[in-house]
Amino acid sequence: MKLIPHWLHRLSSPPVAYGVAGACQPWLGLASVVLLGYGFLGGLILAPADYQQGDGYRIIFVHVPAAALSILLIWAMAFAGVIALVWRIKLAEVFVICAAPVGASLTTLTLVTGMLWGKPMWGAYWSWHDARLVSELVLLFMYWGVIALNQAIADPRAAARACSLLAIVGAINAVIVKYSVAWWNTLHQGPTLKLGGSSIDSAMLWPLLAAMAGLACFSGLVIAQRLRNELLWRERGNPWARDAIA
Amino acid sequence: MSAVGAVIARELKLALRRRSEWAQPLVFYAVVATLFALGAAPSAPWLKVAAPSILWVGALLAALLSLDRVFRGDREDGTLEQMFLSSQAVSLLVGGKLFAQWLVIGLPLTLLAPLLALGLGMEAQVIGVLLLSLLLGLPTLVLTAGFCSALIVGLPRSGVLLPVLVLPLVAPSVIFGAGAVRAAQSGLPADAPLYFLGAILVLCACGVPLAAAVALKNALD
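Going down the list, the sequences are from chains A and W.
When we follow this note's numbering, the leftmost residue of the first sequence carries the number 1, and every step to the right adds one.
When we follow this note's numbering, the leftmost residue of the second sequence carries the number 1001, and every step to the right adds one.
Hint data in this document are derived by calculation from the structure and do not stem from the laboratory.
Keep in mind that a hint or two might mislead.
What the hints assert, rightly or not - In silico lysine-lysine, DSS-like type, Cα no more than 30 Å apart, as pairs:
no. : chain 1 : residue 1 : chain 2 : residue 2
1   : W       : 1217      : A       : 90
2   : W       : 1048      : A       : 178
3   : W       : 1013      : W       : 1217
4   : A       : 178       : A       : 119
None of these values were measured; they are calculated from a predicted model.
Based on the provided sequences and hints, a complete structural model is requested.
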């Protein structure tokens, strides 16, 4: 039985992945410039001010995309981690390693923007009673843990597989942490974006969705670059890597 | 099953011969609680409020310090290879080993906690909840720390890496464990957080031995 189609298997070989990631980069760059440009122009300038929060709400055009991506990335890492552990695919291992610093940066961005917004709106930078704040902080620790673990183990493949395992456990843990704090009274507002019936005006919704897609493209761009560098470094003994540099 | 029994018996025998293994965490726990009390102003009211958190985190750190070496000794003397060569499932053997570690390290700490709680001015009925919460929570910690030390078993020394990996993973246990004690302190029923601690323990007991076996295999490759 062929569980994995041939083209997917080919894509997972380092030289092909190196080429494909390089070919995607200009498009990802273009898409992120266009989408982020529209998102920020529409969100930060054109959209009307909120009737309660004034201009303060505009931070969501950075905060919400970063938060969504920071959670998405740990799940992407866990997914790649399963592939790395079960099928021992090098590319998946390298993805786990490359995505961790990007995820840590996005989580930091989420926390910082959230705190800056929280001070004028809630009257406090930080609240230990809020499920999302605390789970985001624990998520940041998880990303740091993956980075630290990768740096500590000398053999790159063993390190990547250990990180894969930690990413899987960390993704499960992130969910448990969120619901364990949600048991306390939570300060954060409910989700604004829901499938079918968002509680947000379309003048704000479209720029927000564009900013989300744009930041996703930008993260993809950064991860693609890290992936290429990491692949080159790991395969530095192989002829294709020498040819790629030459 | 007899193989698991043999692993447990071996761990207990080793612990009996190296008494420092279970005695040092106890001393550490007592010293940490004492220093917190000394750092506070005499009979400061916040000490009683902070006691659940101090006792929980103190127990966590005390157990963590000694769990660093769970698998490292076995790796150095070849026991780990023998576990993988045997016909038994490695996850079962790992589960037995971690159960023994709980008996050696977790249980004494759990039994010491009420004594320290008295010193921090906790009431008797609250101490019962503290005992229950640690009884349900420390096995989770031992399992989680076992998994993380399996991840880094190949390193000569872990330093602060083990706490960095373990502490975010045990955040839910701390929330519910210390939360149960705080609920009891303010006269509320503590059942709900205790049930949650139990649920997390069951989840860890089912998943962690498998994950730790994968991590050990990875380190041996």
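Each hint, compared with the structure:
1. 1217/W - 90/A: Given pair residue 1217/W, residue 90/A holds - Cα atoms ~17 Å apart, limit 30 Å.
2. 1048/W - 178/A: 28 Å, holds
3. 1013/W - 1217/W: Cα-Cα ~25 Å, so holds.
4. 178/A - 119/A: 22 Å, holds
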